[in-house]
Amino acid sequence: MENTIPQATRYGEIHEERANVELIPEILEIDRHLAENPAQPQLWMERGKILRKKQKLCREAIESHSMGLTYDPFNSLLYRYRGHVCINVGRYIEGAADFELSVRIDPSNWDSWYHLGLAYYLLEDYQRARTAYERCIAITTDDDSLSAVTDWYWLTLMHLGEKELAQASVEKVSPDASIVDNSGYFKRVMVYRGTLTPEEVIEDARVLDDHMFGTQTYGISYYYELQGRMAEARALLEEIVGRSETTWSGFAEHAARNRLKKWNNG
Amino acid sequence: MRPTPPDVVKELEVFPWEHCNAVLWDEVTDIDAKLALDPDNADLWMERGLALGKQCLFREETESLSRAIALEPFCGIYYRHRGHRFLSCWRFEDACADFTIASRLIPDNWDVWYHLGLSHYLLGSYEKAAEAYHRCYELSKADSKLIAVTDWYWITLQRLGRPEEAQIILDRITPDMDVGDNGSYYRRLLMYKGLIDLAELLPQEGTSDENIQLITMGYGLSNYYDYLGDRKKSNEIIDKILAIGDQDWYQAFGYLAAMVDKRSRAAHTGGNAKP
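Residue numbers (my numbering), protein chains in the order written: chain A, 1 to 266; chain B, 1 to 275.
Don't take every hint at face value.
Said to hold, decoys possible - Not close to chain A: a few residues of chain B, all C-beta gaps over 10 Å, as computed:
id, residue
1, 161
2, 205
3, 230
To be verified - Among the chain B residues that face chain A by a calculated CB cut under 7 Å, a handful are:
id, residue
4, 63
5, 66
6, 67
7, 69
8, 70
9, 73
10, 93
11, 94
12, 96
13, 97
14, 100
15, 101
16, 104
Claimed, not checked - Residues of chain A placed beyond 12 Å of chain B at every Cβ, according to the derived structure:
id, residue
17, 33
18, 159
19, 178
20, 181
21, 195
22, 226
Keep in mind that the hints were calculated from the coordinates and are not lab data.
Cβ atoms here follow ideal geometry from the backbone N, Cα and C, with glycine treated the same way.
Same shape as in the complex, but just chain A (with noise of 0.2 Å):
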């Protein structure tokens, strides 16, 4: 189905120009509320949500949830959300940030662990970045958030070095897992786990829609490098930023981009 509800692009979310994207009934709804009484901290967070979600407009949306940690600020779900927020626009140490407060506040969110382990993975720190997904995984109870986080902790771990605790942490993870959401992920570590090859993800990638298909290829682009499949890896990582024209936002576009950009600064 055609999307028709207007997109903000990259170059409007995080510039000094504002996107001049018309805002949806949904958020205007909304609006109308906080206009009557804005100390209303979960409306902020869901106008926050809603901005992000159906409009990419990222920095809005920081700024929605920053209006309710006005109201509250010790609401480790609006830190939870304003740090998802500020690694789709490329801001990572505030999504960092933002993070370590809402554990501290709420050590029970797996959520919050998950992403500052992404933030810190993209920051390229990885000790940090093991630290939080180890925490994370310590508090996972279902398959599918099993897949998600262990497959950046796999990436995280080949990044150190570890290499045995990272086949380790793919071997816990059944092929036979019930996966619902986070087949991309699970996909990504059946090939670190040996179950299914490189190629087969990819070209089963192939047909998913740009976002899937970075999901779903990126880890597998580290893969090929850690082989020293070089001119596959470049390859692989320049078809997840080619193809992120809509998804910029996206964890594994961020992380492709960032690689490539590293390799290209020597």
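Dock chain B against the given chain A, drawing on the hints supplied.
Just chain B, lined up with the frame of chain A:
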């Protein structure tokens, strides 16, 4: 605050994808050398941030301060400084959030309440600005601090239609105070008291120091003209402030407030307010 060094580009400090390609000053690289040996030292990250701020690398300063916060997320002074730089980067909501948590962590910090008041003011939340300024006012012991907060508090109270309260705080301002660094705010207050003529308030445009004074006093004058009912004159001064400060003083509070007033007035009249 010194004017922006030539290799620091304003548009890149207010948040695009790319960073400024600026040569870091020695003060920053000296700290970097220490951080290489002690990377988990949150105070050093704060120092780094403050050193970057001297170079007008405000975005980079917020990133360094975020590092400090990530290491010690309950340290109020890191939010105080990061909030200040968020203001410089025109991120008023984010600044307000930082000053809000700082006000809970270090509730006796004058700067926190002062800048929280300004954040709310720039967001048009005058009631909350007045609350913050009131708390700041209670903490004001030195003349220079009393002068700064009284000015913004007076403006806020007038915008809220509370002239009696505004007069009470203005009455504490006298012609023989120790102004410290707040000479410009002091002159604004003396103008409100009728001790300086409006036509004599502003310095000439010229050096950087003169320009920041012009911007600071200019905003007070613009607002005062509006208070007196002369919106046209008020707008003229706003445009002058924005023209003078466009490259070197876009982070100054007078510039920010002028920019906000211009946009707000245009929004109410349906015009284009981009400075």
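Hint check results:
1. 161: Given a closest Cβ separation of 19 Å, the condition holds.
2. 205: holds (25 Å)
3. 230: Holds: least Cβ distance 30 Å, greater than 10 Å.
4. 63: holds (5 Å)
5. 66: Given a least distance of 4 Å, the restraint on residue 66 (chain B) holds.
6. 67: OK, holds: residue 67 (chain B) within 7 Å of chain A, min 6 Å.
7. 69: Holds - the Cβ of residue 69 (chain B) comes within 7 Å of chain A, reaching about 4 Å at its closest.
8. 70: Where the cut-off is 7 Å and the nearest Cβ of chain A is about 4 Å from residue 70 (chain B), the hint holds.
9. 73: holds (4 Å)
10. 93: holds (4 Å)
11. 94: Check passed: Cβ of residue 94 (chain B) comes within 5 Å of chain A, closer than 7 Å.
12. 96: holds (5 Å)
13. 97: Residue 97 (chain B) check passes; min Cβ-Cβ to chain A is 4 Å, inside 7 Å.
14. 100: holds (5 Å)
15. 101: Nearest chain A Cβ about 4 Å off; hint holds.
16. 104: holds (6 Å)
17. 33: At roughly 17 Å from the nearest Cβ of chain B, residue 33 (chain A) sits farther out than 12 Å, so the non-interface label holds.
18. 159: Residue 159 (chain A) is indeed farther than 12 Å from all Cβ atoms of chain B, at 17 Å.
19. 178: holds (35 Å)
20. 181: For residue 181 (chain A), whose nearest Cβ neighbour in chain B is about 28 Å away, the distance exceeds 12 Å, so it holds.
21. 195: Holds, because the least Cβ-Cβ distance between residue 195 (chain A) and chain B comes to about 36 Å, which exceeds 12 Å.
22. 226: holds (26 Å)
Checked against the numbered hints above, the structure violates none of them.
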